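If you're matching them up, the sequences are chains A and B in order.
For the first sequence, position 219 matches number 344 in the numbering used here, and the numbering has no gaps at all.
For the second sequence, position 257 matches number 382 in the numbering used here, and the numbering has no gaps at all.
Hints are not guaranteed to be accurate.
Chain copies aren't distinguished; within one or between two, either way the pair holds.
Said to hold, decoys possible - Derived SDA-like pairs (lysine to any residue); straight-line CA-CA distance at most 20 Å:
| hint | residue 1 | residue 2 |
| --- | --- | --- |
| 1 | K296 | P366 |
| 2 | K227 | R253 |
| 3 | K241 | P220 |
| 4 | K249 | Q260 |
These are calculated hints, taken from the structure and not from any lab test.
Owing to the predicted nature of the structure, the values given are computational and were not obtained by experimental measurement.
2 protein chains.
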Amino acid sequence: MKNRQPTDAPVLRRILLVIAYDGSNYCGWQVQPNGVSIQSVLQRAIEDLVGEPVMLTGASRTDSGVHALGQVAVFDTHMSIPEDRFAMALNQRLPKDIVIQKSVEVALNFHPRYQKVSKTYEYKILNRRIPLPCQRLYSYFVPQRLDLEAMRQGAAYICGTHDFKNFASTKTSVKDTVRTVYDLKLEKEGDMITLTIRGDGFLYNMVRIIAGALLKVGFRQKSPEYIREVLESSQRLIPGPTAPAHGLTLVEICYKEGLKKP
Amino acid sequence: MKNRQPTDAPVLRRILLVIAYDGSNYCGWQVQPNGVSIQSVLQRAIEDLVGEPVMLTGASRTDSGVHALGQVAVFDTHMSIPEDRFAMALNQRLPKDIVIQKSVEVALNFHPRYQKVSKTYEYKILNRRIPLPCQRLYSYFVPQRLDLEAMRQGAAYICGTHDFKNFASTKTSVKDTVRTVYDLKLEKEGDMITLTIRGDGFLYNMVRIIAGALLKVGFRQKSPEYIREVLESSQRLIPGPTAPAHGLTLVEICYKEGLKKP
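Required output: the full structure, derived from the provided sequences and hints.
Encoded structure:
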């Protein structure tokens, strides 16, 4: 006689979470030797809910201090509650600085990193003479005058498909440094400048290095054409200081083939 | 021979500070038996700078969790640095959640509370299905549907000179509860509703009680006319729950006679 599982045995499902967080009090998304990571807090909340060990795989490894409105992560579970209930049930178990925005079931072979995506990041610059306390954790304070028009001219060179090797941290290990930036906007509202960038993927620290390079143009230390020079240089050319983490927010990840259900 | 002071003895000056703070980590403006107050942290920083004991008098006693962009306070000192340098020198001694925006010398008889003023407060309501972590300390999260038009109709009754006794905390001790509200706006941008109110003064918890009453109208638990009923009632009528402190920001205090220098 064959040892068969009963037909009502719980099936394995892959659950995708869209996660917003305030990164101020964490060492980043990924589990680190020191400091509490968003991934570890979330993983514990999931295991507490589903009552089985889970592996949580995120789409982006955000650094310490970086925020998210739409981080994406998946885990597998045998729990059989409706897909949208995971969000609610997890939010009851999570601290207030991590909030699941949405939960959906996806195909078991769906991988948040190897699927084709467009990602959107925002980098905020508070440009006024004196800092504002309530903005200190969510924007980079820059008291110097900025030439926004020059920054926009520089930003235009970033758009398109380029080898962004000079816009990646030297700590990066990836071989293929070609990426496509679909769109880069610089908008100003009151004292706040928001850089919004959308692309098919970003190298390690790429958005913060782009923000730093555009600030150099904004300070008129470099001309807008400097951005093109750095892009086109076959030498390693460091475009400027990396802008600090706390100005950065992972806004959205769109999966090009959508979120196919099983 | 008379015991005269030398003519170059430092003169007493009254310095006015415009202060912005993130109230999240404080027990409010005023010194309290338990918890750290903004006033005490600021007073210590001033004494450390000027090297003499000071009395710091604030214009508004903001509650725990309430934020400020333009709190006003004064102190007297013999220190003779230029008036605008106090701001810079104090910011070097203050934590990042308290930032002096401006310092000016005023007349020695200037009192931040007994001078005629107009004060502006903002109350922020995040109105969406799921909370946003980076907004959690700076807005009141309300997931229910809100009838903004009804709230605006209710808000119109608040404007003008009224006895606001029913819009004050029962803990208040003031006798004269008549105040003038010059302006009350309700604006929506994305998910964020901002109530901006300007008046010649506000009773204890008045803005938060007004926000709570308008939310009751927004939920359609009460009609807009309910606001008028509460205002006109000679009985003690409690208009609804007081909206929580962390949605509130003291935006600006304008002194009608200006800041007269000595």
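Hints, verified against the model:
Proximity of K296 and P366 under a CA criterion of 20 Å is satisfied intra-copy only: 15 Å inside one chain copy versus 53 Å between copies. In the homo-oligomer, the alpha carbons of K227 and R253 lie at most 20 Å apart only across protomers (13 Å), although the nearest pairing inside one protomer, at 36 Å, exceeds that limit. Taking the shortest Cα distances, K241 and P220 never come within 20 Å of each other, neither inside one copy (31 Å) nor across copies (44 Å). Taking the shortest Cα distances, K249 and Q260 sit within 20 Å of each other both inside one copy (10 Å) and across copies (15 Å).
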